[in-house]
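Chains as they are written, first to last, in the numbering used here: chain A, -17 to 592; chain B, 116 to 350.
You may find that some hints are simply not true.
[Stated by the list, open to error] Computed footprint of chain A on chain B, listed as stretches where at least three residues anywhere in the stretch have a Cβ under 8 angstroms from a Cβ of chain A:
1) 233 to 240
2) 279 to 285
3) 328 to 334
If you are wondering where the hints come from, they were derived from the structure by calculation, not from laboratory data. Model, not experiment: these values are computed from the prediction. Note that CB positions come from ideal geometry on N, CA and C, so glycine has one too.
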Amino acid sequence: MQQFEFSDISRILTPILARHGGDASRLLQVLLEVQDVCHFIPSKAIDLIAAHFGVPRVNVEGVVGFYSFLSTHPVGEYRLLFSGNITDQMLGKDELMQYLCNKLWVEPGKVSEDGLVSIASTSCTGMCDQGPAALINGWPLTKLDHNRLDLIAELIRSRKPVADWPAMLFEVADNIHRGDVLLGQPSEPGAAIRATLARGAKETLAEVDKSNLRGRGGAGFKTASKWSFCHAAIAEEEGGIICDVGGHPERFIVCNADEGEPGTFKDRVLLNSYADLVFEGMTVGARVVGASKGFLYLRGEYRYLLQQLEAVLKRRREAGLLGENILGQTDFSFDIEIHLGAGAYICGEESALIESLEGKRGRPRNRPPFPVTYGYKGRPTVVDNVETFACAAKIAEKGGAWFAAIGTAQSTGTKLISVSGDVARPGIYEYPFGVTVSQILDDCGAEGRSYAVQVSGPSGTTISWKEFERKIAFEDLPTAGALMVFRRKRDLFQAAQNFADFFAHESCGFCTPCRVGTELQKKIMSKIASGYGTASDLEELKRLGHILKTMSHCGLGSSAANPVLDILEKFPDMVESKLKAFAFKPAFDLDGALATARTITGRDDDWAHL
Amino acid sequence: MSKTITIDGLAVPFQEGQTIMDAALVSGVYIPHLCHNPEFKPHGSCKLCTVNVNGRNVASCTMPAVEGQQVLSDIAELNADRLALTQMLFVEGNHLCPACEKTGNCQLQAVAYYLGMMSPHYNHFYPQREADASHPDVMLDRNRCIYCELCVRASREVDGKNVFGLSGRGIKTLLVVNSASGLLGDTDLAVTDKAAHVCPTGAILIKRHGYAVPIGQRVFDHITIKEVQTGGSDE
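Only chain B is shown next, with the shape it has when bound in the complex:
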């Protein structure tokens, strides 16, 4: 018999070694997240997936599931805090959804809709960040980077290449690439690499595919990110 945890009163089974997020996703329970992608080792940086376990807040993507855990997730206080974190991600970068070719396919945008974000709330930082069009097939626009390191992980773990990495510190954290010139075109990134296709926002884009799928027919245009990521319906 498998073990179970309880998420918002619902019994959720789990296998030894799974995290709370793993167990939730398998059971179709949606916990908002951006840096987590089940294909990769958990990271725990965006903190959107923070849940309350036995009175303490933890990141559900990194916290191992333990028999009998009482997990609170879809509650007003946590959703308000998740909304604030999402707003923080918007104002620290330059996210201009109407002018971004990822709109409708963007997880950051979709999470913002899911959490009911109606305004950025905080003052925009308007940072100066560099875009890099040097690669023949892949565009890097740092304005939209949220430092989830999915590209870093994909390049290292799947592609075996280490094309991406983070430099800087704090609010000056910066996505850098593995070349002396600092240009993506001088790295060994190939358009077929996993790293070119895992960005949850529009920071890494495949060139010449921008509007192949018209607005109105995109992933999150008609269904929420909850439905997409859990395969369930949004009641």
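Just chain A, same shape as in the assembly:
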């Protein structure tokens, strides 16, 4: 274990704290940097950071404990986190992780005795089209195989800094296989802002309204309504935070790039190759609602994009598309700041995201009030998905009628689908809404006869081969963009179990039904997987599903039973074949537990057995 003297910590912290200033909303960003340098957050650092921001120590400790990428105990100097999504698992993740552990003499989830390396699993890293994937000290590794792991083991043993590792290990491809209006038709940076300024803010809102654009994060709330609520909201002055701009109360535009839904990676591609379009959409939104400050909340797993995104922002400032007096308009100033997440799926929920932006534990708020009236620092805030902003930019440029003509009546425009699993060409496919699942399966070269498809990730819907003619649209199969394909003979129970584990790991722990319910669900799935399941466990899963769905505080809990309930309903054979007996059996072997007593007493007659 690394020892840090007080003077060391102070020396490490001083420049970090100076760079971030005194606003406690920077807390999480500071902690990420300290974790980077020290490989954990030393207790003394918590004291100094708390004092610096003037917040109680216990709050800082609470934040450290909440996020997966932060730790109060040292992790390895080289921290390797294997992506634990089912698609990584299907590509051999479990065996590869054990292989590397054996090579480096370390147990999964533990730190090697010399503190050099730790290897563990993490939630989906968003590289499902090029898995098995992992993160090494936060940097993505893709297409892992034995050869690459041999190389990685060698690099770690020789203590080569990650920055000097061969670039090919870190290659992340876009894998765009089908582009439409977003990916296929390039836009000139500034075009949407120019159109907005020429048309006027109100008129642009009218165009967004006419386009019938709905949120691309999955919930499908109408974007124009969100924007107009935010514009209309008169925020209460709360806690002395008054950020009036030009006599108007401040409002905020937040781009949700916490793309944590396993199997989803389209925002990764948008931010890598279409960042201008996304920032353009945020700027249009800012003009419409009257915001002068925006945030991009970038999931920690996509930290590798940070530098290039900062460069795009800089370039846009230089081009007059961001910052003071945008395009010479003296009443239009707007800038964007990037905040990093730190490994917490729940922060994709908009009010948890806002808490996290404020530097706190990512806990979903009580609603009402909603973020559009009471959001970041109590101000009216629009939180929209990356893809939603990209669409908004296109609408501002080309008009609402143009957009509304694409797709279906209730689902206008196109949708980016992240395809992974048993297909020949995993990657990004952009389709007008209304496309059938079977069309997508044909286009991506689904191997053999596909058996099941997980639409919109674990929180979405599992559909069987009987339902492949269903359409991707809010009126049929709504999706945040994930499509994971399972061929025949895939163990769908393993997939449902993987998802149940995921929800238990990612539950924020605030409300009883989700905190305990997801853990109970995980335990029962594990009991069935290990051969001790009975019919009563299936009833218990259904009962838990009901409680999770109806009693939970937020969408995480209310969707956490979806994959389990879907497999029970659509693939009952897959579950029942795993049951030990169809009647009740306890979670442990009662007769087996008496074996010791039998040995001691030297008995093995009928009466010594149950």
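Got chain A sorted already, so can you dock chain B onto it with the hints?
Leaving out everything else, chain B in the frame of chain A:
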């Protein structure tokens, strides 16, 4: 004239700004709850107070009362779900009522009796949780913590101290205290603080007072939590 909502068919008046729970408590209508305490800002975490409003489930302690709301609360389905949540709270911690000095004064236990809990139903988790006896006057036993954050809120809002907070996540959520050692004895908690007296279970106990009131004469020994919290009678 005041506005009204309807709870299980009963007209309940409310003032602007009140939640469904506020209105219910004033009118002597009992909705089971653990994390809610009228002295503090609503929290909404235990979810026992979930009611059905116009077909949708909401936490009554955080949901503002709105004229004309049709609220269902004391119905079989919701009481069964509340019972399940209570059982969840029992199995995720280590609640050994017969050996706990809070027995008879414990709201978790009293709610369990009220809802007719006859068994824990789920398998016990038997988590490893730390007890902390470092404070001269206050005992902290995390085995009985249900994460209602009443101590957190009381310390922050009433005592102005921030002695308590939550760390961890999900089932690994953990009550932590405001000291580098992690010990309660190293915080500025005083036995007179509100935070030392709001725990609905036996997680925070005042030392040397354990059996001052004998079993048989405790708050919930002869009357239900419904009667205690609404001042009404249990028909």
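Evaluation of the provided hints:
no.: 1; hint: 233 to 240; in the structure: holds (count 3)
no.: 2; hint: 279 to 285; in the structure: holds (count 7)
no.: 3; hint: 328 to 334; in the structure: violated (count 0)
The structure shown violates just one earlier hint, number 3.
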